[in-house]
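Trainee: Generate coordinates for the entire structure from the input sequences, incorporating the hints supplied.
Protein sequences, first through last, are from chains A and B.
Residues 1 to 401 in UniProt numbering are what the first sequence lists, from first letter to last.
Residues 1 to 281 in UniProt numbering are what the second sequence lists, from first letter to last.
Calculated directly from the structure, the hints in this document are not laboratory data.
Since this is a predicted model, take the numbers as computed values, not measurements.
Be careful, since some hints might not be right.
[As the list claims (entries may be wrong)] Simulated DEER-style distance windows between Cβ atoms:
{"hint": "1", "chain 1": "A", "residue 1": "Ser369", "chain 2": "B", "residue 2": "Asp122", "range": "56 to 62 Å"}
{"hint": "2", "chain 1": "B", "residue 1": "Val12", "chain 2": "A", "residue 2": "Glu139", "range": "44 to 50 Å"}
{"hint": "3", "chain 1": "B", "residue 1": "Ser192", "chain 2": "A", "residue 2": "Glu29", "range": "25 to 31 Å"}
{"hint": "4", "chain 1": "B", "residue 1": "Glu144", "chain 2": "A", "residue 2": "Tyr392", "range": "43 to 49 Å"}
{"hint": "5", "chain 1": "B", "residue 1": "Lys79", "chain 2": "A", "residue 2": "Glu397", "range": "44 to 50 Å"}
{"hint": "6", "chain 1": "A", "residue 1": "Tyr392", "chain 2": "B", "residue 2": "Lys79", "range": "26 to 32 Å"}
{"hint": "7", "chain 1": "A", "residue 1": "Pro13", "chain 2": "B", "residue 2": "Lys100", "range": "40 to 46 Å"}
{"hint": "8", "chain 1": "A", "residue 1": "Phe150", "chain 2": "B", "residue 2": "Lys100", "range": "57 to 63 Å"}
{"hint": "9", "chain 1": "A", "residue 1": "Gly340", "chain 2": "B", "residue 2": "Gly116", "range": "44 to 50 Å"}
{"hint": "10", "chain 1": "A", "residue 1": "Asp42", "chain 2": "B", "residue 2": "Glu144", "range": "20 to 26 Å"}
{"hint": "11", "chain 1": "B", "residue 1": "Gly116", "chain 2": "A", "residue 2": "Leu226", "range": "49 to 55 Å"}
[To be verified] Beyond 12 Å from chain B on every Cβ pair, some chain A residues (computed):
{"hint": "12", "residue": "Met129"}
{"hint": "13", "residue": "Lys143"}
{"hint": "14", "residue": "Arg278"}
{"hint": "15", "residue": "Asp292"}
{"hint": "16", "residue": "Leu362"}
Even glycine gets a Cβ: it sits at the ideal position worked out from N, Cα and C.
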Amino acid sequence: MSQVPDEHGRFGPFGGKYVPETLMNALIELEEAYLKYKDDPDFLEEVRYLLKQYSGRPTPLYYAERLSQHLGGAKVYLKREDLNHTGAHKINNTIGQAVLAKRMGKKKVIAETGAGQHGVASATVAALMGLECKVFMGEEDTKRQQLNVFRMKLLGSEVIPVMSGTRTLKDACNETLRYWVSHVDDTYYILGSVTGPHPYPMMVRDFQRIIGLETREQIQEAEGRLPDVIVAAVGGGSNAIGIFHPFIEDKDVRLVGVEAAGRGVDTDEHAATMTKGRPGVFQGSMSYVLQDEGGQVLPAHSISAGLDYPGIGPEHAYLKDIKRAEYVPITDKEALDALGILSRMEGIIPALESAHAIAQVLKIAPTMSKDQIIVVNLSGRGDKDVESIMSYLAVEEGQNS
Amino acid sequence: MSTQTGPNAIDVVFAELKAKGETALMPFMTMGDPDLETSVALVQAAEAAGAHMIELGVPYSDPLADGPVIQRASERALKNKISLTDCMTVASKARQLGVKMPFILFSYFNPALQLGLERFFDLLKEHGFSGVIIPDLPLEEDSEARALAEASGIHLIPLVAPTSEARIERIASQAKGFVYCVSSLGVTGVRSTFHEGIDSFLSTVRRAASVPICVGFGISSRDHAERFAGQCDGVIVGSAIVRQVEDALPLLTSSNEVERKQGLQAVQDFIAGLKPRATII
Chain A
1 MSQVPDEHGR FGPFGGKYVP ETLMNALIEL EEAYLKYKDD PDFLEEVRYL
51 LKQYSGRPTP LYYAERLSQH LGGAKVYLKR EDLNHTGAHK INNTIGQAVL
101 AKRMGKKKVI AETGAGQHGV ASATVAALMG LECKVFMGEE DTKRQQLNVF
151 RMKLLGSEVI PVMSGTRTLK DACNETLRYW VSHVDDTYYI LGSVTGPHPY
201 PMMVRDFQRI IGLETREQIQ EAEGRLPDVI VAAVGGGSNA IGIFHPFIED
251 KDVRLVGVEA AGRGVDTDEH AATMTKGRPG VFQGSMSYVL QDEGGQVLPA
301 HSISAGLDYP GIGPEHAYLK DIKRAEYVPI TDKEALDALG ILSRMEGIIP
351 ALESAHAIAQ VLKIAPTMSK DQIIVVNLSG RGDKDVESIM SYLAVEEGQN
401 S
Chain B
1 MSTQTGPNAI DVVFAELKAK GETALMPFMT MGDPDLETSV ALVQAAEAAG
51 AHMIELGVPY SDPLADGPVI QRASERALKN KISLTDCMTV ASKARQLGVK
101 MPFILFSYFN PALQLGLERF FDLLKEHGFS GVIIPDLPLE EDSEARALAE
151 ASGIHLIPLV APTSEARIER IASQAKGFVY CVSSLGVTGV RSTFHEGIDS
201 FLSTVRRAAS VPICVGFGIS SRDHAERFAG QCDGVIVGSA IVRQVEDALP
251 LLTSSNEVER KQGLQAVQDF IAGLKPRATI I
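Mentor: Dropping the structure here:
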């Protein structure tokens, strides 16, 4: 496979830089800075040191024996990104970008967040590096994720509730881009996923590849071979690309992205961008987008605020089109059931995002043989979601009684 | 329906204004806010107020370059399911009612992409547009649209920003129609100060461009318009006018014809009040 993205930030037809002219120079500067530092030993050493000593990498690759036996098929391994500092894979990318921001001489950073994991990770690295940080979060999400709002404030960041549009992640991204347009002189935008204009999809992917690189070594050590299937949840797609990417050339490893089907892909309430979307330009890049006939972007729905996004990273769009990865939908209910099963079987409460990936494992593991191996990226822990789950279950119970 | 032959109407208007030493006044309005019929009437009002050309804005769900005023107008229009092609019909209807000024469509890229770029330019021509502005389609991504624009005789008008730096030369030297100079960092919206390097920015663009240059983003008064009148060929006023429309909504949507006329008059008066007095160069 040829190297992607190309020099225009294209993954096949996807990607690119579709932003207001005011941002173009900032993106070019960012790209130049990233290309300058990405192979710089001092830069890499600083990132490596923080990942190890601050975040706690490498994260374990845990054999979920009870779950595997329960399912009666493939051996299931969990890549424990939930054990990272701040509770999710998001820290990998924010450490990388914050070190870059510092090298670029920036003193102020901004970030968008949905569930708050990226916001907390950004607030954390900002505190660590002495950067002033503002986090934009949909007003709806500030209610769903009050605990994370509080954590960000404790860490010294300002949380700005976004009142426009759907008041969720999509509009938080819009407002962050708008703020960046106004303060592009002195502000670095720590984008949280493999979405947005070039160079973000490439750069965030590179910072998240550590997940797949570790997995490769760890599974070789544990099993002496590569896994048969890798499963990961996909909103914007950063945890998924992080674990997929080092395996792309290994054609025998099936890569499965799991997107949020909300109340079902046949309803209007889902975030199943690959299943129900079509190519379009959204928030700076060409990719699959949930949109109406006229090209207006549709609101997305998921019980997980982190998957509640009508777009997806352009590299995933490319992997889908070249048929290197497959993307499947999982409903709110299936994710919640999976969350319950993993909690009881393994004593691990996953984030709602990761619960979507687990739900897919519950479907496929029993169909596989006992000598086959699935690795699932457990991208985050569920502490942040406990309140969402409680209110969801309360509503369900109310409807059933 | 008129199709263009001969020179582009934008070029003709700028040539006429230059001969008279005048600065073009170019209002922006969001189409379908509050409805298409009113948009047609507002376009007529803008011409009656002395506008020289007009930007017809297509409402979009994710208007990245726009501030709250235009975002709200977009939301109002989208509630009525206003589509890209609906917006284009405002131009041809206004033309049928005798409006003479050139029309420029302002749309984010995705609606045009979904329509199909070839069809997009065919329809622009069919509905009598002379130009198009796509704020999220920078030079690096515009080759297909540019080729189609040139083939259909429609100007694809580029934006340059104070942050464009090394790109100014490339953007301005290839520009058709005019160069849209973004007067300040940030999204559209009324503001009291402009980018501190604005004057040298404008003269840099002026030197690089072989077409007229216009200033927009944040211009909301005659004083602003006159501040830039000597340095550019036209001023673009968006949010301030859209805000006037918003303020006049109770009148504009009234079933009482007298009130409706009052609403249109209020917007017309506001636009007339923006017009820079002729500068003597």
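Trainee: Indicate, hint by hint, whether the structure satisfies it.
Mentor: So, going through the hints one by one against the coordinates:
Restraint check, Ser369(A) to Asp122(B): a C-beta distance of roughly 57 Å satisfies the suggested window 56 to 62 Å. In this structure, Val12(B) and Glu139(A) meet the distance hint of 44 to 50 Å, their C-beta atoms being roughly 48 Å apart. Evaluation of the 25 to 31 Å hint for Ser192(B) and Glu29(A) yields a pass: the beta carbon distance comes to about 29 Å. About 45 Å separates the C-beta atoms of Glu144(B) and Tyr392(A), a value consistent with the hinted range of 43 to 49 Å.
Evaluation of the 44 to 50 Å hint for Lys79(B) and Glu397(A) yields a failure: the beta carbon distance comes to about 35 Å. Between Tyr392(A) and Lys79(B) the CB atoms are about 29 Å apart, so this pair conforms to the stated range of 26 to 32 Å. Taken as a hint, the range 40 to 46 Å holds for the pair Pro13(A) and Lys100(B), whose Cβ atoms sit roughly 41 Å apart. The given range of 57 to 63 Å is respected by Phe150(A) and Lys100(B), whose C-beta atoms sit roughly 60 Å from each other.
In this structure the hint that Gly340(A) and Gly116(B) lie 44 to 50 Å apart at CB holds, the actual value being about 47 Å. Restraint check, Asp42(A) to Glu144(B): a C-beta distance of roughly 42 Å breaks the suggested window 20 to 26 Å. Taken as a hint, the range 49 to 55 Å is violated for the pair Gly116(B) and Leu226(A), whose Cβ atoms sit roughly 43 Å apart. Met129(A), annotated as away from the interface, keeps every beta carbon of chain B farther than 12 Å; the closest lies near 25 Å.
At the 12 Å boundary, the C-beta of Lys143(A) stays outside the reach of chain B, the nearest C-beta of that chain being 21 Å off. Its beta-carbon lying about 8 Å from the closest one in chain B, Arg278(A) breaks the requirement of being farther than 12 Å from that chain. The claim that Asp292(A) is not at the interface with chain B is violated, since a C-beta of that chain comes within 12 Å of its own (minimum 9 Å). At roughly 35 Å, the least C-beta separation between Leu362(A) and chain B is larger than 12 Å, which holds for a residue marked as non-interface.
Against the hints set out earlier in the document, violations occur for numbers 5, 10, 11, 14, 15.
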